[in-house]
Amino acid sequence: MGMTRRDLLRATAAGAVVAGTASFPGRLFAAKQKTVKIGMNIPMTGDYAPWGLPGLYGCQIIADDLNAAGGVEIGGENYMIEMVAFDHAYDTEKAVQGYKKLVLQDDVKMVMMLGGSTVASVLPWAQRKKMLTTTLLPSDITPDSEYLIATCESHPLYNVTGVEWLAENYPEAKTAAIVTNNDAEYGLQSAATYKAAFEVAGIDVIDVNLHGFDITDFAPIVSSVLAKNPDIFCMATSFYVTPLMEQLYHQGFKGKIISCTLDYYDEIIAKTSKEFVNGTIFQFPDFDDPALNQEGINFPNPGDFDAKFRKDHPNDWSAVAWEYPAILLNWLEGAKAAGTVEPTEVLKSLKSSDPVFIFGEGQWWGSQLWGLDNAAVGRWPVVVVEDGKARIREYRSVSGWLDKNKDVLIKHMKELGLRTV
Amino acid sequence: MELILQSIINGLIQGGLYALFAVGLVMIFGVMGVVNFAHGELVMAGAYTIWYLHAQQGLGYLPTVVVAVVLVTLIGLLMERFLFRPTRNDPLAGLICSIGMLFILQVIATLIGGEGPSKQVPPVFQGTLVVFDFLRIPNQRIFALVISVAALVTLWYFLARTKLGWALRAVALDREASALQGININRISMIAIGVGAGMAGLAGALMAPLTNINPHMGHNVIITAFIVTIVGGVGSLSGAVLAAILYALFHTFMTVYFGGTIATISGLLLMVLVLIIKPTGIMGVRISE
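Chains as they are written, first to last, in our numbering: chain A, 1 to 421; chain B, 1001 to 1289.
It should be emphasised that the hints constitute simulated quantities derived from the structure, not laboratory data. Mixed in with the good hints, there may be bad ones.
Claimed, not checked - Taking beta-carbon pairs under 8 Å as the criterion, some of the chain A residues facing chain B (in silico): (1) D47; (2) L53; (3) D65; (4) N67; (5) G70; (6) S117; (7) Q127; (8) A219; (9) S224; (10) P314; (11) N315; (12) N405.
A virtual CB, placed ideally from N, CA and C, is assigned to each residue, including glycine.
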């Protein structure tokens, strides 16, 4: 005999109960499992994408690791981390749009940003909403930007460590020429810092060569600078390091080269030679560097992180690949200490003690320059290319240098028309 | 003196590349009356072809240069057939179409190469030629200069010594009169954009090992091309070549002696000055109504 309508209803009801029972423990677990969203309002397309996209990849690795380990416990509750990114393409209007979307629609608990004009455009809104926001450019900090912090990169203050190391190890180098972009956000800030660092180190800056973003041929710039016979060629920003290095190579430069960053240095070696690039000093390590396994480094398993990143994104490693993840880890420390994910409480927690700075020995700093101690500065690595591979040669104290020489820095910032308090 | 000689060499090499892409822009404008805003992206397409096929896939550099020229020529032909021909009687529509094409090519480049760092192509001709112990010229740049000059001479021969070249120049002078003489305007338009795009593709292929390659590199190219076109005289091919060399030397010397920022500003000022003092450009001619 076939199934009656009553049999069908009974079977359906039984099935529903079984299905419900089967998923019950999961749903019970899900009720306890919460998700905290962390926003990234960064350039993922356009010229600035190399300073945004690798950071998202890096954060995703950290978030996936934490989630795979069961999430993180904050205030007695278990949280999964979800990264929510918005591509503002380094456009201020899009940055505001993205910021509002992340805060209002996605309910993120922190917004990570690159810095510069895009941060300036969201600052009033961040203040009103009391939203914890981070930047890689502490020069974005103003006396009123209470909710804006720079917990990892203190661009370009760390450059002083490279100059200090160079001066000690190559005392015969007495003159330097600085080449950089002419923008106030990256280039001039960096030029002012290098000028101050060279002055403190007793090195004469014989040329500061500024150029725009429309340069396609760097041969004239390098010819012009080399005609002045500097002992040191200094590249203060990283947009055009590769063509500059290529020209230095072809035009036969024999002196020391120091650069803020040396992203994609393997490509530079391919365009020049390993011997030429060897000895170049810069500030951003690879994360498979053994020196990152030392005591006091606040980044878990840097070597594993480096390997995972390069496996999934073999051509995308840049300085920001580990900087945004380091900020995410800072936030986690703050949230755990605060026992909540609420932005104001996390900020209060972070600021209540010395920062857990990625390279160790951090302190809150900035009021002398920008009016608020919202930038974490600490020791920073001096990286040198050796046998075609970037290696940390030493860690040096940025805060120690600033304590002694901030007036020199302020003088050079004012000379270049940069904002200081 | 050493710096001056080095700067002249640098300027001439850059001038050759400027001329390659500027003559294409002038030719397309002259024959078709279209201001092709996507011309910089045609240069970018040539550079991307080198990056993808040569640097990534391992195809030889010289065959890839040929592929780049052919590919960009095809893009140009498609633009003529499907964008510019249907909008021939509406210059504004043609201009808007070229802007649309600009974005399409940028997106295609992004899809192929992804976002992230600029692409780099290692030099094929390694090493540096050193003359008199102080003049240093990278071999890759010498190659770029030689090929640029050869391409420009070939173009000159084509325009000055062949019937097709005469027809092309005739259409540039007066399209209606040329049509009345039996010249096939559609065919000449396709040749103009094919040659112009091919030159842009060649410029991109030669620039690839010398510059940062990214989907937005066409911006700087188109600005330079416009300056060169206006200074040389809109519609004048020989003016474009002369202006390319003069502008490259001017920009190089300004960069060397006054810095890159001043060089950029002064380049634009030069264009404004030419527009005020001699609106027809160095070699342009005023056509009476």
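Hint by hint, here is what the structure shows:
1. Because the smallest distance between the Cβ of D47 of chain A and any Cβ of chain B comes to about 6 Å, under 8 Å, the interface hint for this residue holds.
2. The closest approach between the C-beta of L53 of chain A and any C-beta of chain B is roughly 6 Å, which is under the 8 Å cut-off, so the hint is satisfied.
3. The beta carbon of D65 of chain A comes no nearer than 23 Å to any beta carbon in chain B, farther than 8 Å, and the hint placing it at the interface is violated.
4. Annotation: N67 of chain A was flagged as interfacial toward chain B, and the flag is violated, the nearest CB pair being 25 Å apart, outside 8 Å.
5. Taking 8 Å as the C-beta contact cut-off toward chain B, the hint placing G70 of chain A at the interface is violated, the least distance being around 32 Å.
6. Annotation: interface hint on S117 of chain A violated; nearest CB of chain B at approximately 18 Å, more than 8 Å.
7. The interface hint given for Q127 of chain A is violated, since its Cβ lies 31 Å from the closest Cβ of chain B, which is over the 8 Å cut-off.
8. Below 8 Å, beta-carbon pairs count as interface contacts, and A219 of chain A has one with chain B at about 4 Å; its hint therefore holds.
9. A hinted interface residue such as S224 of chain A counts as satisfied when its beta carbon comes closer than 8 Å to some beta carbon of chain B; here the least separation is about 4 Å, so the hint holds.
10. For P314 of chain A, the shortest C-beta to C-beta distance to chain B is roughly 11 Å, which exceeds 8 Å, and the interface hint is violated.
11. Given hint, N315 of chain A at the interface with chain B, holds; its Cβ is 7 Å from that chain's nearest Cβ, closer than 8 Å.
12. Interface restraint check for N405 of chain A: the shortest CB-CB distance to chain B comes to about 27 Å, outside 8 Å, so the restraint is violated.
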